[in-house]
Every structure is written in structure tokens, then in C-alpha cells.
Amino acid sequence: MKSEVILKQPEVSHKVLRVSPELPSKLIELGATKFYRCFNCGNCTAICPLTEGKVSYPRKLIRYSLLGLEDRILSSAEPWLCYYCGECSDYCPRDAEPGSFMMALRRYLTTKYDWTGLSRLLYFSKKVEVIAIMILAAIVGLLIYFLHGPIVLDRVELETFAPIHIVDTAGLAVFFILATLLITNIYRMYRYVMRDDQGRRIKIPLKFLITDFIKTVPLHFFTQMKFRLCKVWNWINHLIIVYGYAAAFILFVPLLRFTQTNEPFLLVNPLSILGILSTIALIYGASVAIHGRVKKSQPMWRYSHSTDWMFILLLLVTVVTGILVGIFRLIGLPLATYITYSIHLMIVAPFLILEVPFAKWSHLAYRPFAIYFAGLKERFLASRGVMYV
Amino acid sequence: MKYPPNFLVIKVMCSGRVDPQFILEAFRRGADGVMVAGCHPGDCHYIEGNYKTLRRMTLLKRMLREFGIEEERFRLEWISASEAEKFVRVANEMYEKIKALGPLRIEEV
Amino acid sequence: MEQPRIGVYICHCGVNIAGTVNVREVVEYAKNLPNVVEAKDYVFMCSAPGQEIIREDIKKCQLNRVVVAACSPTMHEHTFRTVLAEAGLNPYLLEMANIREHCSWVHTDKVAATEKAKKLVEIAVAKASTLEPLEEIEFKVNENLLIVGGGVAGMTAALDSARRGFRVYLVEKKPILGGNTARLGRLAGTDMRGVDVAGSMIEYVKRNGMITTLTNTELVSVDGSVGNFKVTLLKKPTYVNEKCTKCGECVKVCPVEVPNEYEFGLTKRKAIYLPSPASYASTYVIDGENCTKCGECVKICPVNAINLEEESERIEIYVGAVIAACGYDPYEPSVGEYGYGLSNKVITLFQLNRLLDPEGPTNGELKIDGFVPRSIAFIMCVGSLNTTPNSYPYCSRMCCSSTLKDILLLKEKYPNIDVYVIYKDMRTYGRDEQLYLTACEKFVKFARFREAPKVSVTGESLEVTFFEETLGEEISIPVDLVVLAVGMKPPKDVEKIRTILKVGCGPEGFLKEAHLKLRPVEAVTDGVYLAGAVTGPKNVVESITSGSAAASKAVGLLCREKVRIEPTIASIREELCSGCGICVSVCPYGAIIIQIKENTRSAKVEPALCKGCGVCAASCPSGAAQQLKYKDIQLKAQILAATYKR
Numbered sequence: 004m005k006s007e008v009i010l011k012q013p014e015v016s017h018k019v020l021r022v023s024p025e026l027p028s029k030l031i032e033l034g035a036t037k038f039y040r041c042f043n044c045g046n047c048t049a050i051c052p053l054t055e056g057k058v059s060y061p062r063k064l065i066r067y068s069l070l071g072l073e074d075r076i077l078s079s080a081e082p083w084l085c086y087y088c089g090e091c092s093d094y095c096p097r098d099a100e101p102g103s104f105m106m107a108l109r110r111y112l113t114t115k116y117d118w119t120g121l122s123r124l125l126y127f128s129k130k131v132e133v134i135a136i137m138i139l140a141a142i143v144g145l146l147i148y149f150l151h152g153p154i155v156l157d158r159v160e161l162e163t164f165a166p167i168h169i170v171d172t173a174g175l176a177v178f179f180i181l182a183t184l185l186i187t188n189i190y191r192m193y194r195y196v197m198r199d200d201q202g203r204r205i206k207i208p209l210k211f212l213i214t215d216f217i218k219t220v221p222l223h224f225f226t227q228m229k230f231r232l233c234k235v236w237n238w239i240n241h242l243i244i245v246y247g248y249a250a251a252f253i254l255f256v257p258l259l260r261f262t263q264t265n266e267p268f269l270l271v272n273p274l275s276i277l278g279i280l281s282t283i284a285l286i287y288g289a290s291v292a293i294h295g296r297v298k299k300s301q302p303m304w305r306y307s308h309s310t311d312w313m314f315i316l317l318l319l320v321t322v323v324t325g326i327l328v329g330i331f332r333l334i335g336l337p338l339a340t341y342i343t344y345s346i347h348l349m350i351v352a353p354f355l356i357l358e359v360p361f362a363k364w365s366h367l368a369y370r371p372f373a374i375y376f377a378g379l380k381e382r383f384l385a386s387r388g389v390m391y392v
Numbered sequence: 026m027k028y029p030p031n032f033l034v035i036k037v038m039c040s041g042r043v044d045p046q047f048i049l050e051a052f053r054r055g056a057d058g059v060m061v062a063g064c065h066p067g068d069c070h071y072i073e074g075n076y077k078t079l080r081r082m083t084l085l086k087r088m089l090r091e092f093g094i095e096e097e098r099f100r101l102e103w104i105s106a107s108e109a110e111k112f113v114r115v116a117n118e119m120y121e122k123i124k125a126l127g128p129l130r131i132e133e134v
Numbered sequence: 090m091e092q093p094r095i096g097v098y099i100c101h102c103g104v105n106i107a108g109t110v111n112v113r114e115v116v117e118y119a120k121n122l123p124n125v126v127e128a129k130d131y132v133f134m135c136s137a138p139g140q141e142i143i144r145e146d147i148k149k150c151q152l153n154r155v156v157v158a159a160c161s162p163t164m165h166e167h168t169f170r171t172v173l174a175e176a177g178l179n180p181y182l183l184e185m186a187n188i189r190e191h192c193s194w195v196h197t198d199k200v201a202a203t204e205k206a207k208k209l210v211e212i213a214v215a216k217a218s219t220l221e222p223l224e225e226i227e228f229k230v231n232e233n234l235l236i237v238g239g240g241v242a243g244m245t246a247a248l249d250s251a252r253r254g255f256r257v258y259l260v261e262k263k264p265i266l267g268g269n270t271a272r273l274g275r276l277a278g279t280d281m282r283g284v285d286v287a288g289s290m291i292e293y294v295k296r297n298g299m300i301t302t303l304t305n306t307e308l309v310s311v312d313g314s315v316g317n318f319k320v321t322l323l324k325k326p327t328y329v330n331e332k333c334t335k336c337g338e339c340v341k342v343c344p345v346e347v348p349n350e351y352e353f354g355l356t357k358r359k360a361i362y363l364p365s366p367a368s369y370a371s372t373y374v375i376d377g378e379n380c381t382k383c384g385e386c387v388k389i390c391p392v393n394a395i396n397l398e399e400e401s402e403r404i405e406i407y408v409g410a411v412i413a414a415c416g417y418d419p420y421e422p423s424v425g426e427y428g429y430g431l432s433n434k435v436i437t438l439f440q441l442n443r444l445l446d447p448e449g450p451t452n453g454e455l456k457i458d459g460f461v462p463r464s465i466a467f468i469m470c471v472g473s474l475n476t477t478p479n480s481y482p483y484c485s486r487m488c489c490s491s492t493l494k495d496i497l498l499l500k501e502k503y504p505n506i507d508v509y510v511i512y513k514d515m516r517t518y519g520r521d522e523q524l525y526l527t528a529c530e531k532f533v534k535f536a537r538f539r540e541a542p543k544v545s546v547t548g549e550s551l552e553v554t555f556f557e558e559t560l561g562e563e564i565s566i567p568v569d570l571v572v573l574a575v576g577m578k579p580p581k582d583v584e585k586i587r588t589i590l591k592v593g594c595g596p597e598g599f600l601k602e603a604h605l606k607l608r609p610v611e612a613v614t615d616g617v618y619l620a621g622a623v624t625g626p627k628n629v630v631e632s633i634t635s636g637s638a639a640a641s642k643a644v645g646l647l648c649r650e651k652v653r654i655e656p657t658i659a660s661i662r663e664e665l666c667s668g669c670g671i672c673v674s675v676c677p678y679g680a681i682i683i684q685i686k687e688n689t690r691s692a693k694v695e696p697a698l699c700k701g702c703g704v705c706a707a708s709c710p711s712g713a714a715q716q717l718k719y720k721d722i723q724l725k726a727q728i729l730a731a732t733y734k735r
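Chains as they are written, first to last, in our numbering: chain A, 4 to 392; chain B, 26 to 134; chain C, 90 to 735.
Just so you know, not all the hints are guaranteed correct.
[Stated by the list, open to error] Cβ-to-Cβ under 7 Å is the rule here; a few derived chain C residues that face chain A: (1) R296; (2) M299; (3) T477; (4) D507; (5) C529; (6) F532.
[Unchecked claim] Simulated crosslink set (EDC-like; lysine to aspartate or glutamate; CA at most 20 Å straight-line): (7) B/K36 to B/E73; (8) B/K27 to C/E204; (9) C/K720 to B/E121; (10) C/K720 to C/E175; (11) C/K734 to B/D57.
Please keep in mind that the hints were generated in silico from the structure rather than gathered at the bench.
By construction, the Cβ of each residue, glycine as well, lies at the ideal position given by its N, Cα and C atoms.
All chains should be modelled from the sequences, with the hints used to inform the complete structure.
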């Protein structure tokens, strides 16, 4: 049963908040398996290494969710400030898994920031995930089939088979589409988060919008420094993975003409070495994640949503096919190289297209922006003098 | 829980048994101070006895003032059986006050 | 009076006394006190050899008074009185001086403590010189038991006592037994309904020949005292006799309609009605207060079972003990409190319980105005925890468990109803914690308020607005139904019962037990016991348990052939009494009466009623009224001894 959102006059202090009774069950589907057990003791908030001053979670967010106060959830940047150290889950006297609740909230918010509705479908239906991957792989497969260059069989001529100008164009197109989608979603996030308790928009002067952006977003995007306050080893592992990806990105997007050549593949080459390091980093990251999720060794790996496995699987296939392309080039197996390369592209495309704007990878944008928005909000929101726990 | 040994105890079943003439007799015979202790109002073991005590002692205090006996020398206290610390505190206070006043020279009063 | 020959016995109590007080010095001092013929000390006076010393000396030295200086009388006064009795002395010729709790344990200066011990012994010796032999007064105990209140507590007490062979009079002011429990549906923690629990007890009560049940009967007065009460009852007429076949024709023609208290006001009944639940009543009854005596029912009754001329009957019975099991009343919110009375969509928890009961007014369907509500808000702590100005300060104990139990019942039947529980405190204690966990699993939403929520009724919908404590925000929830979880309050005739039985009330109005922990089912008045929710909120199990406990205590009294009372009671010398009546007015127990003998007025004490407080003695202007063992001369002797400077 829903009621209308009614914005009361500023003089009246009470608000009518929209109540969504389906919210708790949705969050359970998204991985907050036991959060209804919470009886509001606040131990989780007390133990969290990242809560201080007015920034406090997860207890309050659990309360909002249980009562179905969706507006409050949507206007919180806090879910993105949590790095899932899992201390809260370890200390919860009710075994309510607040850590996995926070993760479920992030999944939920991802489905809400996206305006296309595809994110929601991906998160709530395994079938849709699989079908989407297959469709995108098929499209890429068809494109390769119709657009590939001559197949040279006596030596490996990767550039001939996959002309750079085609791959570049396709790559740029994909990049722009993803960037546009992501930027529009970030704008939606901004609209949701930058609201006060009454639901009114908080107006930020342009000057501060720009200066705060410059001060926070690039720094957190590249270093994720808040993560180190959470669990240092997790932060380091994550950095390794991030820079693995970054290296791969640099090698295969701006530097494509130097890596995708007809030249023989030389191991002793700065680009190759970078490639190998990147591969090692990514294999390391994937293995740690798989091992952790199978053994459930840390709270953050105790519950794995289907989107988590999808991400790891796509990553693993991408990296393995990438390694194989390199090996086949090295030992000089042309057909094998071309086929593996095609498969690689057929996996990389859905990987990027689904994950970046619609699923798990969106956190690369939402997290740094959340820190940016949270900072703005704290500065410009009129203080109500209420201490939050 | 210690208090000065200057207090001698006479037991009655209820503070309502205490006739004001007993207190006057005690002062007459040379006591420097008299305390009447009973249950808290509302908690009287015999339902209402301590209300009677309260009325009588209020009147008695006025009389003692007329006689010239300092009001610190007579105390009416409500102390329940479980309030040992209160008794000790009251006893210590009363001792200090009466020590400061000195002996009651009843002949001169 | 004979010359007192006092023996003084000073106990070392190991080192408890002897460690601080120089016992030998005190013994020497005692020997020189007036009337003292013997003074001794011993390590543990209360031990067998210690007692033997006293016994021997009584014979050897022809002692006729004994002073024991030792620990507090509450410990061993009884022990030493027995010693005196065994040696042939009246046990009330003993005086004790407390030189432990009043001396060695509370003073550090050994010299001063010893001096004080000497004075305490001197005071005791002075009292002992004035002691007279006193006889305990004995009464024969009547073996019948009166139980006021026919709810589950009263019935449990009745069954327990009857099964032990005692005759029980079970008095109930309503036309049927069962009390509040008989109106309840499913109970928390079991599969049974309150109706069934009460029903099975009523069956046993009916079949037990030792229990005389008097329904529609009220208590008028109780005279006498422990072991011998004379009870006057008023049996009100139901105007319908056993010929009634329960055909129901009379109901159709009755013009008077009133709210049906058995359904907590959800439906109406006529002045002539079958008390619900229908299975208990053997006939229809007429509610004397609301009946207009129009006579329509008499005309229509096919078996002539109705007699509107029937009169009340006064009944007198004699019993030895009384158990008050008068139960509770549910808190009734006033009109406007949380919207109660302003909309039929605001109901109490008891009403909800009836609605969910398959034998209730809607046959177990939760329908208001024909519709099942889509969302329900339960407001807890109504009438309790000082939530509103009319509320009581205490927690009513059973409402949290009952509410959650009803919520789980309704979630079974209607899983999609959105339920909010708005509480000040959530106290599902003991095993009922499981109810809370299950409710959480079913997505019952819990919210905590600080100040009482406001319920606004706008047309068809209700909105509950409150400041949610755990979030620090004010929220407003639109719902289709509001259920007020009301607490328990003292029954409306508690003041009357209290005055008749001469028991006290606690600050909230419930009957007060003699001691919360040591004597929880006894009233301060001897012979009166308390069972069930009349002493404070209890759930069904707790009420039944306390009924058994009260029966056990009552039967313990009735088993004794005789009852004895301590002789330190008031005594009035007629020749000094002027009949002024001051003592009569100050006695808290009404134990003194004015009697007129040969044209003179004088006061007389009723020994069975006197509790020995001494207030009369202190009020008597002529000194005619005295308290035995605490007479004026005795206390003055003590004062003299205390202030005497040797």
C-alpha cells in the first residue's frame, strides 16, 4: 500500500514519508539475508571503523529499510561509504549480518540510479543476466564475423585480422555509450542524494560544486584511500586489482596500435611486461575472490549474489582468453589466436557493457561521487542539531 | 557502618506508642538528646501509627522550643528496617550537632 | 507482685561481641544492679550448653525474671522464651538486650562500647523488674474457606483447597464463573484458548461437592478476625430459574439494548441474555441494572421460567480464611484517546482477540465494516508506562506477548497485511522472546515512540503520527486499523473490597501484599490471602500459579486447630477509663469498642483484633489504656535506667 509523497510547509516539522512495505523483501532477495533480526542495539554502528560524527551507519539504514522508508534510503550516500570490512557482522549480537545488508543496499541503489530498468532486471533475475550476456556476445560475434579482416594463416597477423580502425571505432562507441549512461545515472544519484529531510533539493553554488569535485573525486577514484581505514589488506588487494585493470585499459585502448600489431610478440618489451603484470594482478584478484567466496573466509564473502559470480566469471574468462591470445601469438598459432581473440572480444563487450553502467562495476563511479556528495551535503545542509547514532 | 556509642535504645513496637511525656521525662532525667525513629509514612506496619506520631511530635517540638530546649536535641526520623546507612548518617549528624551544643543543663532550662 | 529475682546472661557470641565489648566487666556491673541475683557469661548463649546454664540457674537460684544480653531479639528471642517455658517460667518474663547489632558491631571504641553495653543491660534489667506473666490467647479455627472472585485464580484456589478436604465458598459477582479469562481467545505460548482453560476449570468446580458456588453474589461485609470470620453476602436475583430451556424467545422481545461486556463492547446484548461463552451458563439471566421490568419476556416465555419479583437474598457464612481473587479490569481508553470512540477502526487488543476467535462475533474473520484491513498499526503501552495523562505508571506485563501472539495468528490467516507495532518498550519476557523473533521474520515493523502517538481519523482512513526514537524523526503511517494494546488496571470495586477486608492498596490501586518477596500472596491482615491479578498485572499462567499459592497458605491456616496471638496487646483498666472514645478513634484495626455497663461508658479491647501497636496507650489521657509489656511504667523504668548516672 503506497501513499503519496506530500511535502509539508516548512513551518510544520513533521513529514509524511512514503512507506514501501515491499522494500524489506526486495533487500532480502538482494542479499540482506537476515537483517530483519536486528533489534536496534547499535553495536554495528559503534564498532564500524568508518563512522564518526554525523556519518553513522548501518543501524539507522537498517531501521529505515525495515520500516520501508524508501525516501530516506534513496537520499543516503552512506551505503557507498562502507567498504564491507565485516566487523559489524562479526559483532552483531543477533547475527543479523549488517555487512551483507549494506552490500544489498548498494545493489538496490544501483538498480534505482539506473533509469533504463535494465539494472533492476539483471539484479532480480538470473535468467535475464545469462540471456543478456548471450545476446551481447552473439552481437559481437556477428560483428566480428562480418567485419573481420583477412585471415592470414602462415603467420600471426593480429592487426590484419582485427583492423585497428574498426576496433578503435567500436571501442570508442562503446566508451561513449557507457560514459553517457554512467553520467546520467550519476546525475540521478545526485538528485536523490542532495535532498534535505523535507525532501527539498539542496542548492549548491557552482563554485563549490567544482572545487569540491576537484578535491575529492579524482583522489578517491585513484586511491580509494578511505578503504584503508576499513581493512588494510583488503584495500591493498583492491588497489592491485584496480591497477591491473588500469594497466589493461591503457594497453588496449589508447595504446591499442602498439599492442595489437602484426609484429611478433616480444616478451622483453615494456608493454608486454606491463601486460604480464596486469594479468598477474587480475589473476591474483580473481583467485582471492573465488577462494574467499568458496571458503566464506571473511564476512564480505559469506553471501555471494548471482551478480558477484557473474562478475568473477566474466573477468576470469576475459583474462584467460587474453593470456591465451598472448601465448598463441608467442608460439605462432594464427587460427588459434584469431579464434581466441574473437572469444575474448565476445566476452569483454558484455563484461563492460553490462557491468559498468548497470551492475557491479558501477561502484567505480558511485563510490567516489558518494564521498563528494556526502561532503557537500554535510556542509550545506542546515544543521538540525540532532545527534545521530 | 559505625556511629558514636552515645545512643541508648528503648524498643517499642510502633512509633505510635511513643507518648510525648516519655520524651519530656528523658530530658528531665538528663538526656542530652532524644530521637524517635519509625517507619516511613504510608509504610507503617500497623497501618496508621506513624501518622499519630507525626501529629504528636509536631506539637511537642513547639513545646520544647517554648521550654528553651534547642530543636536539634529532638529528632523524629523515618527510617525503614533496610535503611541502615540512613540510620548511621542521622546518628552521626545528631551526635555532631549535640556535641556542638554541649550538655543540656536541664536545671537551668 | 513478688520480688523480682533477675538472672543476667551475657553472650560473647564468639568474638562478635567479646571482640569489642569486655564481657567480664559487664557481668561484674550487672551483678551490682538492683534485683539481680545472678550474672554469668558464656561463649554462645543460644547453644545447647548456654541454654542449659539458664535452665539450671532458674531452678537453682529461683529466678523469676531473665535478661539475656546478646544478639538481636529477631534472632533468638523465641529460642530463649522456649528455654524459660521449659524451665517452668512464663516465656514473657524474658527481656533481651541487643549488645551486638546495637553495640559491638557498630562501635569501634572498645571502652565506650563496653560502657554502652553496661547501660543497655541496665535498661533491660529495669524492664525485667517490671515484667508480668502473659498468656497467649487461643482461638479455634473455622475450617471453611471463602474465595471472593471466580476467575482462574479463584477457581484454582477453590479446587486446590477442596481437593484437600476443605469446604469452599466460591463467590462471584457475575452470573457465570470464568472471569476475564473466559472472554479471551488464543493465549500466548499455548494452543489453548482462554475460554477453554476457564471452561475446563468450571467443569471441575461444578463436579466438586466441596465447593459451593454462589454466582451473581457480592460481598457485603466481613466481621471477625483470623480463624473466625463472619461473612455477609448478597445474592442478587437473575430472575430466571432452572426451568429455562435456552430457547431464546425472550431476547427477541426485550426492548433494552446495552453493549455486550463479554465481547468487550463489540456487539450489543439485551437486558435478558445468555452470558457468553454460551457453554457455561445453564440459563438466561436478566441484568437487573438495565432491566426496565416491562414484562414482555415473562409473557413470551413458554415454560414460565421468569419471575421479575425475585428478590435478593442475604446469606451469612462462617469461614476461617478469605482469599481475595477479584481480578482486574482492562484499561478503558477515554473517548478521543488515540482516536478511541471516534471511529470503529480504533479497537482495543481485547476486542481484536475476540474478532480473531472462531467463536467470536465475526467467526474469526478480521473484518471491519466488511473489509479486511490492508495495514494495521498496534499502539502499545496504552494506559501503562505513563504514556498519557490518564495512564498508570507501571508496565502491564502481558500486553507485549499477547499482542505479538495475536499478530502471528493474524499473519497466519492474512499473510499480506502490513503490520506496524509502535511501542514505548518491548517486553516479551522469558520464552515469549521467541514471539518477537518470529514476528521480525514475518516483517512485522517495530517502531519506538517517546511521546504518545497521535491518531488522526480523516474519513475512511487513519493516520498514526509519532516521533520515532531510534531514528530521531517524526513519521506518519497511514493505516486501515489501529489496535490499542491496553493494559490492566485494578477492578472497579477494589476500594469496596479493600474496605470490607481491611487490606491495604498499593500506590496504583491494586491490593497490597504483606511483603513483595517474603509474603506475596498474603495480605497484611491475618487470615486474608490474595491471589491473581488483583495484586498487580499478571498473565493467565501467573494468576493460576498465585491462586495455588494462596490456597496453600490459606489451607495452612485452616489445618491448624487453633490460632494463637501474641499477648502484647492493649489492655484497658475499666476503673480508670472515662469512656472518652479517643482510643476507639485512633485504633487502626477497629479493635476497641465502647461498652455501656450499669450506666457507665468504658472502652473494651477485642483481643482477636488487636495487633499490639500501642497507639491507643499513647493517646489515652488517663492512662487507662496500656499495652501489655510496653506499659507506661515499664517504658519509664527504662528511661530512668538509661539516664541514671551511677
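So, going through the hints one by one against the coordinates:
1. About 48 Å separates the beta-carbon of C/R296 from the nearest beta-carbon of chain A, more than 7 Å, and the hint is not met.
2. The criterion of a C-beta within 7 Å of any C-beta in chain A is not met by C/M299, whose closest approach is roughly 50 Å, and the hint is violated.
3. At about 19 Å, the closest approach between the beta carbon of C/T477 and any beta carbon in chain A exceeds 7 Å, and the interface hint on this residue is violated.
4. Given the 7 Å rule on beta carbons, the hint for C/D507 holds: about 5 Å separates it from the nearest Cβ of chain A.
5. A least Cβ separation of about 5 Å between C/C529 and chain A falls short of the 7 Å threshold, and the interface hint therefore holds.
6. With 7 Å as the threshold, the beta carbon of C/F532 comes within range of chain A, its nearest partner Cβ sitting at about 5 Å, so the hint holds.
7. Of the supplied pair hints, the one linking B/K36 and B/E73 holds, its CA atoms being roughly 19 Å apart against a limit of 20 Å.
8. Restraint check for B/K27 and C/E204: satisfied, since their Cα atoms lie roughly 16 Å apart, inside the 20 Å limit.
9. In summary, the hint linking C/K720 to B/E121 is not supported, as the alpha carbons are separated by about 33 Å, beyond the 20 Å threshold.
10. With a C-alpha separation of about 27 Å, the suggested pairing of C/K720 with C/E175 is violated against the 20 Å cut-off.
11. In summary, the hint linking C/K734 to B/D57 is supported, as the alpha carbons are separated by about 13 Å, within the 20 Å threshold.
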